[in-house]
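**Student:** Same order as they appear, the protein sequences are chains A, B and C.
According to the working numbering, the first sequence is numbered sequentially starting from 1.
According to the working numbering, the second sequence is numbered sequentially starting from 1.
According to the working numbering, the third sequence is numbered sequentially starting from 1.
Everything labelled a hint here was simulated from the structure, so no lab data went into it.
Be a bit skeptical, because a hint or two may be false.
Partial selection, computed: residues in chain C whose CB lies under 10 Å from chain B [to be verified]:
id: 1; residue: G116
id: 2; residue: S167
id: 3; residue: Q197
All values reported here derive from a predicted model rather than from experimental measurement.
We treat Cβ as the ideally placed atom computed from N, Cα and C, and that holds for glycine.
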Amino acid sequence: MTDADIIVVGAGPAGSCAAIAAARSGKRVVLIERGPFPGSKNMYGGVIYPRILDELIPHWFETAPIQRWVVRRSTMVLSDTGALNIDYRSNAWGQAPYNGATAYRPDFDNWLAQQAVAAGADLICSTTVTGLLRDDQGRVCGVSTDRPDGDLTASVVIACDGVNSFLAKQAGLYPTADADNYTLGVKETLSLSKHIIDERFGVRDNQGVDIEILGGTSGVNGGGFIYTNLDTIAVGVVLKLSKLSAQKKRPEDIIAELKRHPAIAPLVEGGQVVEYSAHLIPEAGLEMMPKMVADGLLIAGDAAALCLAAGIWLEGVNFAMASGMYAGQSASAAINANNVSANSLKSYTDRLNKTFVLQDHKKLRKIPHLVLSDRIQHKYPAFVTGVVERMFRVDNPTPKPGVRRIVSQERKKAGIKLSELVRDALTGLKGFG
Amino acid sequence: MTIAVCIKWVNYSGPVESDTPDERFAGFSFADQAALEWALRIAENSSDEVLVLTAGPVGAEAVLRDALSRGAHRAVRIDIDLTSDSSVIARNLVGAMSQPRMVWCGDYSNDRGSGSVPSFIAADLNIDQALGLVALELPENANASFAAVRRLDGGRREQLLISGSAVLSVEGSTVRLRRASLKNTMSASKQEIQVITATGGRMDTPALRPYRPRPRVTLAPIGLTALERVKHITDTSSSKGHGETVHAEPSAAATLILESLRKWGYLP
Amino acid sequence: MLAVIPVRHGVAPVGSDETVCEALGNVLLVGTGTATAATSLAHVATQIWLVESSPTAHVIAAAIAQVGLTAESLILPASPDGRDLAPQLAHHLQRTLFAGSIAVTTDKVSVARQGGLAIADFTPTTPFVATLQIGIRGIDSHGDEPVITTVEVSGLSAPSRASSVSSVAVLPPDASTMDLSEAPRIVSGGAGLDSGQRFKQLQSISTALDASMGVTRVITDRGWAEHERQIGTTGVIVQPDLYISFGVSGAVQHTSGLGQPEHIISVNTDAHCPMMQMSDLAIVADANAVLDELAQLLGVNVIEGAS
Ligand SMILES: Cc1cc2nc3c(=O)[nH]c(=O)nc-3n(C[C@H](O)[C@H](O)[C@H](O)COP(=O)(O)OP(=O)(O)OC[C@H]3O[C@@H](n4cnc5c(N)ncnc54)[C@H](O)[C@@H]3O)c2cc1C
Ligand SMILES: Cc1cc2nc3c(=O)[nH]c(=O)nc-3n(C[C@H](O)[C@H](O)[C@H](O)COP(=O)(O)OP(=O)(O)OC[C@H]3O[C@@H](n4cnc5c(N)ncnc54)[C@H](O)[C@@H]3O)c2cc1C
Ligand SMILES: Nc1ncnc2c1ncn2[C@@H]1O[C@H](COP(=O)(O)O)[C@@H](O)[C@H]1O
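Here chain A stands alone, though its shape is the one from the complex (with noise of 0.2 Å):
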């Protein structure tokens, strides 16, 4: 008999919530994380859209360790001196059922895999898993650890061990690894008082602010945010790989830069750094998503690249949440079958590409690209605040000019060729609508 039935590799959501749906089903689960505990390594931006848990745990809201609860979002669009800010604000998602929450990850994800354990699973930390077992006919059948007597059998592998994945390569299912696929986020975290915080971004409460940023990030492709928690706030970037070591920039000095432009230092003012972290997030989306699924093995989160980095959005638990979810119960019923294989094991692909986590991966196939396209980046913000500068701006005693007139003068100005521009307004139209 296998030491269990299912191991789950990797205690961040993707592997939490495989590990409660597996072991929701009556399966034996381990589950291991490399961390002294989960979430003790793992970072992001901030802000967490939970409404896939309603599947998983009811009324997920009363216990889950949330900051605040997004009701302010924001995009944000920086040019060298000024900056155009589309900002909607809901109260509603201030509300069960909620909308998105910012939370720390070290309690959430904690707070997530206690919720495995509760279902009956084994949380085993501080181990690192170091390789896959295959028993004589090359299927997985188990993982070996870095601790002493080490190797564990099982029937299913879920591998949930996060961005650029050792297990999915070691289990070759990654087409080449290509550093354009991958951004590079970076974030500060900046204490300041829950009173100023609450002052300076128009909250009450446990209201939260989300603002995404477009610009500011010194040239180099990529764009920034800025998340509220109770009294910290998250600052950061979001950096394309190729470009930064190309510029040879470094990343805390963007930051710095990002901190000081004016629509955003009179947010962070006074904030201490409590915490810096950086970290790689899958940003390719479809075009770098590995095979999935093996005899014996199955991937989820931002292991199988599930992340959704598409400019004003990037989320990503809730993609590992649901693709581990997926995960878990699949390979629950492909023990309940009997079979183990590929082929048994589709039944997850076949979920993933009937709910949200691919079909907004189809949708959004070619935003991630045109967000990060060096037009977009370098052109869009001078032009986009170029022309609401000049409509707002009141130029007496010369009358206002149409703003057509604008629209071209400044699309000229910086260097988009109309064709350009209704090219680019296509593919976001397509990949948007």
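Dock chains B and C with the ligands against chain A, hints included.
**Tutor:** Okay, now just chains B and C with the ligands, sitting in the frame of chain A:
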């Protein structure tokens, strides 16, 4: 026979004493880890059972499970408020170990830090103590006497011979605790932990305030005139700086350090 | 109040003089060679009782009963011998123990907590036993000759059990320890430094500055430096002119072993920790980065790949 090991559940991230440390950052000190390792090593060569004990709230069972996964045989938790007086903690620990062959402790805990629990245990058990050990030579035969070295003040050391039941406390760097095997880690989470309700009240701990050094008494100033004596006390003639605090980038800081050393005459 | 000092071969532990001052000059010396020890404490003591007998709780209890001092609170130095004896005494006399005090009076005892970063103030109402941290009080000596009384403890029953721990020898500080305790310049590192490798770098920087390297207890615990490098109450007591610390918080057990350096420089990210407060030059910066810069300036041990 039983070899008892006392380990304390403390917040590892910072030395903050509380009833309930943040469980995610809690663990046991290097000193307690070393105590456990020595006990396990002795038990390997004998038929002794290693009993791990902790006095604390339910979260403290995590350190017992950790100890079990590394090879301890039995675990007991005394349910008690962690802010209880050290003598009460010790008395309760002793109540849960019957006639131990030896008791291993860390030399002091990270938070309370009195180093008095081991000594109270020895007093309660009415056996000898060998505290603050920095080196040990375990015998081949687990029941033979063995040599140990303990710290005295001023860099002196005391060589001891340990030949029977005793309470031993060790410094953290004496030995590294072994890693638990995967199978033990898994089974430890299901092993039974005996829980005993503490007896004896807790002592009220007063509110903590930040540490401030107390003013030091100095010898009476020497000098014939009042002015000389004042100068002597206030040190006005010395070149001493005046407690300057500066925020600096690393490179500026390094330069500043070397400049100051030059100014004070430590560097040419 | 009465100071109780365990004596070994005429040597009183470090901190005895301060303990005697805290007890307002009254001291019971117990152990071997108490008369010799008495001379070394004559400048601070007013009343000295000598008990030439092994320093056990029974002996001391009998002695204080015999001289009529049972109502006094007892203070011992927080030296290894003092720290060992105090709980035994407290247990035997059924008194409260205040371990690691930084100030003791009959009705108020301030105790260091949280590894020496916080203070708890107790207000005892009955006689107690306390240990006093070494090096934080200072001494006020007087010119008068103390009154010395020898106490013969009688009526003690022989110990009912064989002893299982016996002292074989007391070793003098070894050369590497001497090196530190007599070093005029010390560069030290604490938990603010990020790796064991750092301490190799710190060692090279110390050498370049003609100084010896010291560390805090946290570092020896991690096994990043030898015991002999540990400065403080349970480490080596030092007396440097120059003390430079990197990432050291300045807990009382550390600083109490530090003597009174002429110049102190500290680098720490926390501007308000005790070590920074007692520095002539307190630099708020990442100590690891500063060490890298210093190594570069001094041309030693530049850590590969560090910024
Ligand atoms: C800067 C930044 C900002 C982001 N912002 C957001 C945001 O605002 N909202 C959002 O939804 N998403 C955001 N994301 C994306 C999100 O963080 C990820 O998509 C999500 O964490 C993926 O979850 P996961 O469970 O797949 O992987 P992870 O969270 O990476 O978890 C993997 C786990 O596996 C463990 N592990 C890895 N290897 C091993 C091994 N060999 N053995 C044992 N354990 C192992 C790790 O320790 C970890 O706990 C952001 C990411 C970054 C970098
Ligand atoms: C009975 C007893 C005896 C003891 N004996 C001794 C003894 O002999 N010697 C001894 O040293 N200790 C002794 N201790 C331990 C003592 O209480 C303290 O725990 C210890 O001295 C703290 O060491 P530290 O300053 O290295 O660590 P911490 O107190 O953890 O301080 C680390 C410091 O580094 C700073 N820091 C963190 N990151 C950085 C960075 N990147 N750059 C710059 N600064 C940074 C922090 O702000 C902090 O001030 C004893 C304790 C007890 C209870
Ligand atoms: N609550 C506790 N439970 C178990 N062991 C303890 C406890 N408190 C102290 N000890 C032991 O006593 C040693 C010294 O602690 P302390 O006297 O608090 O400095 C620790 O290293 C432990 O070995």
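**Student:** Now look at each hint and say whether the structure bears it out.
**Tutor:** Now the hints, each set against the structure:
1. G116: Holds, about 6 Å.
2. S167: This interface hint holds because 6 Å falls under the 10 Å limit.
3. Q197: violated (17 Å)
Hint 3 alone, counting from the list given before, is not met by this structure.
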